[in-house]
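Protein chains in written order, with our numbering: chain A, 1 to 420; chain B, 1 to 121; chain C, 1 to 481.
Hint data in this document are derived by calculation from the structure and do not stem from the laboratory.
The model shown is predicted, which means the values in this text are computed figures rather than measured ones.
Backbone N, C-alpha and C fix where the C-beta goes; we use that ideal spot for every residue, glycine too.
Worth double-checking, as some hints may not be accurate.
What the hints assert, rightly or not - Chain B is faced by these chain A residues, among others (derived, beta-carbon under 7 Å):
1) P51
2) T63
3) E66
4) T197
5) F390
Unchecked claim - Pair by pair, the computed Cβ-Cβ distance ranges are:
6) A:N237 / B:V92: 25 to 35 Å
7) C:S462 / B:L105: 28 to 38 Å
8) A:A40 / C:T177: 32 to 42 Å
9) B:E21 / A:E236: 35 to 45 Å
10) B:M1 / A:A368: 32 to 42 Å
11) A:G180 / C:K369: 26 to 36 Å
12) A:A40 / B:L105: 27 to 37 Å
13) B:V92 / A:G180: 18 to 28 Å
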Amino acid sequence: MYELSCDVAVIGGGPAGLAAAISARENGAENVLIIERDNALGGILQQCIHPGFGLTRFHEELTGPEYFGRFVARAKELGVRSMLSSMVLEVNPEAKQILATSSEYGLTRVQAGSIVLSMGCREKTRASIMVPGTRPAGLYTAGAAQRLVNRQNIMVGKRIVILGSGDIGMIMARRMTLEGAKVVMVVELMDYLAGLTRNRVQCLDDFGIPLKLSHTITRIEGDRRVTGVYVAPVDENKKPIAEKEEFVACDTVLFSVGLMPENELTRKGGIEINRITNGPCVDQHMQTSAPAVFACGNVVHVNDLVDNVSRESEKAGRAAALYALGKLPKANRTVTCMTGNNVRYLCPQCIHVTDEAETAEIYFRVLAPQEHVRLRACCGGKVVYEHAEFRVNPGEMNHVTVKTADLTGEELTVEVIKED
Amino acid sequence: MKKEIICTVCPRGCHITVDGEGETVTSVTGNSCQRGFTYASAEFAHPVRILTTTVRLAGRTDTLLPVRSSRPVPKEKLFACMEVIRSAEAPVPVRQHDVIIENILGTGADIIASASFGTDD
Amino acid sequence: MHMRKTDVVVIGAGAVGCAVARELSKYKVSVIVAEKNEDIGGDASKSNSAIIHTGYDASPDTLESQLVVAANPMYDKIASDLDVPFRRIGAILPAITQEQYEKLPAIREKAFRNRVYDVEYRSREQLLEMEPNLNPDVLGGLYIPRESIIDPFILVQAYAENACENGVEFLLSEKVTGIRTENGAVTTVVTENEEIACKWIINCAGLYCDDIAAMVGKDEYKVVPRKGQFFILDKNTSCKVQHIVLPIPTKVTKGKLMCPTIHGNMLVGPTAEDQPSKTDKSTTQEGLQSIVRDVRNLVPNVNVRDTITQYSGLRPNRVPEGLHFDVYDDLKGYINLSGVRSTGLTLSAAMGKYVVQQMLALGAGFEPKQDYIARRRGIIRFHEQTPEIQEQLIRSDPRYGNVICRCETITEAEILQAIHRPLGARSMDAVKRRVRAGMGRCQAGFCGPKVIEILARELGCSPEEITKNEPGSNMVTGRTR
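All chains, please: the whole structure from these sequences, using the hints.
So, in structure tokens, the structure goes:
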């Protein structure tokens with residue numbers, strides 16, 4: 001068996017893995033290795049050829065390839081190594097070992113000082129939302145279609161209905177339209193948009209593509225290739241109103257119905273998983289329940305902006321480097337993060353208070369859209385953060401920032417409250 | 001003529017109403033900041049978009065080169081630009097930000113490579 | 001029209017047709033299997049509950065019970081000879097209500113009449129220990145140890161590949177359009193492209209056996225498809241069972257069950273809905289909801305949110321009911337199988353032998369082959385091997401190192417074998433049924449685009465020619481540029 005060793009091993013060379021690897025190098029880890037299953041670095045951004053990346057981080061609008069290109073260049077400069085076309089089969093958190101397979105090296109065992117999980121996420125499918133009907137060709141997740149159209153030079157269909165108003169779905173609506181397909185409509189179960197407003201404007205409104213909020217696909221028709229779908233409005237309980245069902249002819253259905261962190265390796269490694277995010281539980285250093293294992297990006301929780309992923313991954317990379325060097329400060333105590341009003345989940349799930357004065361960012365998503373609100377964090381009966389927001393949306397990530405020194409209680413509660 | 005514009009400058013998504021004629025803006029309401037004002041005025045008078053798509057690579061059918069416009073192009077010219085791009089071909093190797101089509105349809109924007117292909121990086 | 005000549009034509013390459021063909025291939029006799037679909041695997045044979053039954057609940061003293069009971073013990077040898085994933089996990093039949101509890105003695109009695117003697121009572125405590133996720137209201141039940149699970153796709157492929165290796169010819173995408181007879185005997189099978197002169201015709205057309213029978217005027221029965229809808233749950237689903245958990249049957253239906261699949265998913269279903277259409281395999285909201293409702297009586301915490309796919313299959317139910325093996329004095333050489341329904345997968349092993357025995361009894365005079373190859377090896381499943389063997393595999397073929405399907409850890413080498421074996425895959429579904437690429441939780445989201453490319457490359461065609469299954473099910477519409 002091929003054997004390798006490194007200070008920090010990073011699983012996944014997408015935006016999270018790249019940022020973590022760079023940060024690990026910049027924080028003292030000499031030997032940083034990225035293990036990537038694709039034949040190139042960049043992850044999903046390779047197929048995200050649209051603009052809109054980097055507005056927060058670089059204050060300019062970049063395409064996916066441009067965004068990750070900057071990180072690849074920096075990683076190269078720092079001598080980060082990468083093992084491409086290599087699939088990790090197993091992570092052993094105690095032994096700090098990774099088993100990977102590739103055509104080039106065969107089975108490879110990597111011995112690391114610490115491990116960063118950055119495997120990203122995958123798309124939910126038709127089955128996860130239980131759309132009945134037939135099982136013809138022409139049903140794709142939006143991301144699979146995006147890969148085919150943008151990377152493999154393959155057009156998936158001509159007349160398209162998109163279920164779900166997630167960002168990838170809307171971006172594919174524009175993409176397919178520009179490529180000459182007819183996007184008949186975008187159907188969204190909720191009464192609000194799942195993705196970013198900007199994408200609604202630039203991907204749907206610009207091209208006159210109807211957005212059907214509070215609607216769903218009730219069944220799929222077609223024996224061999226899709227011939228159409230039935231679309232119906234839903235009532236306040238999200239149940240389709242059968243009498244208002246309408247047939248919409250199409251040859252393709254794209255599903256953009258949400259993303260799921262891809263944690264098969266994490267689970268197999270016995271690392272604790274949060275039941276809301278479906279990602280590993282982490283602290284403010286992105287350290288998982290296995291001390292030598294860190295995690296970042298969409299494998300932890302699904303982010304809205306890659307800029308946030310990069311930022312979070314830098315924390316993971318830094319902490320992983322410090323851990324490998326034996327310099328990660330010891331925790332004196334643990335503060336548990338608790339969801340308050342209109343907060344779906346928090347990430348990190350806990351904060352380890354150390355001797356070092358730190359600020360910790362706690363990211364979260366709301367349960368429902370709300371306007372004129374205050375984001376508030378309380379600990380030990382004290383308000384430790386408060387900030388006014390005009391509007392919060394489930395499709396967009398929010399965060400609060402706290403000083404660990406202020407966390408005197410055992411629990412930190414984050415809530416969204418109506419401004420009076 | 002009044003036009004409702006959803007601001008995309010920040011996630012707040014203000015619904016801004018712009019009134020005016022042609023390229024002349026007479027009033028902007030509903031914005032919460034100066035950036036919104038600027039965006040809505042421009043969007044009213046002369047909406048532009050960054051165009052991103054792909055270009056065929058010489059000698060390859062199984063993969064494509066991602067490209068973008070070097071600057072925003074008028075929204076109404078997007079489809080015309082696509083027609084030009086559809087018949088274009090990029091050489092191999094190609095470097096990120098190499099110009100594939102110069103000054104596309106006289107818009108002043110070049111179509112440039114978003115990524116490199118066939119180079120070492 | 002292309003002309004051929006053979007001794008036997010088997011119509012239909014489902015479980016029964018392939019089992020019959022394999023059995024015939026043990027003899028010095030030429031056999032052609034004609035199949036209307038683009039792949040072997042039939043219709044009903046590929047969408048069922050994947051259970052090898054014991055026959056404990058069959059109607060006693062019928063051909064069906066005789067064949068099912070006889071077939072069950074054969075599967076250990078079939079699994080080892082033909083390399084088919086198979087496991088004897090056993091079934092439990094928990095009684096939740098008093099009324100159900102009172103039915104147990106009669107069920108056991110019936111099992112004994114079917115000569116399934118190893119059915120035993122289990123107490124409430126024993127059942128809950130066997131299946132901690134069982135409804136805690138369970139009063140007691142039965143344990144049927146030889147009820148088993150199998151990979152139904154591989155079973156049919158194994159029969160067919162083994163038959164093929166022993167000289168049987170398969171004609172795929174060849175729908176039988178007519179049968180010619182002369183002087184009270186069959187002479188020719190006509191398909192869309194072929195005329196096959198033959199002495200014997202065995203109708204194993206399942207769902208369409210009445211249409212075939214009508215070609216020779218022997219359609220004294222009709223097939224009324226009975227739809228069964230199913231869910232498949234993620235391997236990681238929190239609430240799992242270790243046995244086949246069966247409901248106590250009612251007068252109307254055998255009911256909906258929950259069981260593991262041979263590859264570690266959970267299967268729940270099926271419904272039982274009679275319908276006129278032989279092609280409508282759609283799932284319905286009502287059907288799916290009824291599964292959830294019913295299975296929750298057995299396993300209250302079953303989590304259908306972990307569904308990775310739903311499908312439905314059509315059982316070729318016969319009216320009048322029952323499994324029939326028919327030969328006719330006025331039509332020599334014609335053998336008609338009808339009413340092969342949900343027990344068809346199980347009884348296929350016995351049916352092969354039964355059919356050949358009957359043919360011999362009718363004076364077929366087939367001579368056994370001396371050089372029959374009894375064993376068939378399947379495609380080596382990379383992810384099931386030890387690291388040492390995985391290493392060897394990659395060294396022997398580096399494409400074993402290239403994982404294409406992430407969810408199921410299926411490598412490029414396995415997909416290539418699926419395509420290039422005899423009776424190899426020509427479509428996405430055919431690849432999936434052979435090596436499980438696309439069978440996992442992402443349902444081909446990741447590997448689908450790659451498999452399209454691999455198929456196009458290996459078959460020497462363009463991506464837009466690649467189909468999901470039958471002609472017209474093209475995956476994509478063309479090149480972008």
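Hint check results:
1. P51: holds, 4 Å
2. T63: holds, 4 Å
3. E66: holds, 6 Å
4. T197: holds, 4 Å
5. F390: holds, 5 Å
6. A:N237 / B:V92: 25 to 35 Å: violated, 56 Å
7. C:S462 / B:L105: 28 to 38 Å: holds, 32 Å
8. A:A40 / C:T177: 32 to 42 Å: Roughly 51 Å apart at Cβ, these two residues miss the hinted range, so it is violated.
9. B:E21 / A:E236: 35 to 45 Å: holds, 43 Å
10. B:M1 / A:A368: 32 to 42 Å: Holds - the Cβ-Cβ distance for M1 (chain B) and A368 (chain A), about 36 Å, lies within 32 to 42 Å.
11. A:G180 / C:K369: 26 to 36 Å: Violated: the Cβ-Cβ distance is about 59 Å, outside 26 to 36 Å.
12. A:A40 / B:L105: 27 to 37 Å: holds, 32 Å
13. B:V92 / A:G180: 18 to 28 Å: At roughly 25 Å between Cβ atoms, G180 (chain A) and V92 (chain B) fall inside 18 to 28 Å, so the hint holds.
Hint check: violations occur at hints 6, 8, 11; the rest are consistent with the structure.
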